[in-house]
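Undergrad: Given these sequences and hints, build the entire structure.
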Amino acid sequence: MIKAKFTKNVNDSIELLIEGHALFGEYGKDVICGAVSSIVIGGLNALNDISNFDVVIKEGFVKVQSKNKISEEDKIVINTILIQLETIEEKFPNYIKVIREE
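Residue 1 is where the sequence shown starts when you use the working numbering, and the numbers rise one by one after that.
Keep in mind that the hints are not guaranteed to be accurate.
[Said to hold, decoys possible] Have a look at the derived ranges for each label pair, beta carbon to beta carbon:
#, residue 1, residue 2, range
1, ARG100, LYS29, 27 to 33 Å
2, LYS67, GLU26, 37 to 43 Å
3, LYS67, LEU23, 31 to 37 Å
4, GLU90, LEU23, 30 to 36 Å
5, ILE83, GLY34, 31 to 37 Å
6, LYS63, VAL10, 18 to 24 Å
7, HIS21, THR80, 21 to 27 Å
No lab work stands behind these hints: they were computed from the structure.
Bear in mind that the values here come from a model prediction, so they are computed numbers and not experimental data.
Ideal Cβ positions, reconstructed from N, Cα and C, are used throughout, including at glycine.
TA: Here is the structure:
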């Protein structure tokens, strides 16, 4: 199962941690893993100020942490990522879990 955890801190900094595999299909053909990867990478590419974020990407693991308060534009991008992941979760709750801690 993929677990995506979003944490909004008191100072308006954020952390997004995504880890695991959906195991919906065989390696390289898992459409849920592919969708999650596309959403996350596309969202990171859309961030207005990527220099404000520490990003770690490994096999089955993504961690995005802001260094400071994030801009309104980047809040929209992060929220869009979360909404898209939650949409997948609605259809495939046995393969992805999204947790918001605000």
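Undergrad: Taking the hints in turn, state whether each one holds.
TA: Comparing the hints with the structure gives:
1. Taken as a hint, the range 27 to 33 Å holds for the pair ARG100 and LYS29, whose Cβ atoms sit roughly 30 Å apart.
2. For LYS67 paired with GLU26, a C-beta distance near 38 Å keeps the hint of 37 to 43 Å intact.
3. At roughly 34 Å, the beta carbons of LYS67 and LEU23 sit within the given window of 31 to 37 Å.
4. Range check, GLU90 to LEU23: about 19 Å between beta-carbon atoms, so the 30 to 36 Å window is missed.
5. Separated by about 18 Å at the C-beta atoms, ILE83 and GLY34 break the suggested range of 31 to 37 Å.
6. LYS63 and VAL10 have their C-beta atoms about 20 Å apart, which keeps the hinted 18 to 24 Å range intact.
7. Take HIS21 and THR80: their Cβ atoms lie about 23 Å apart, and the range 21 to 27 Å holds.
Against the hints set out earlier in the document, violations occur for numbers 4, 5.
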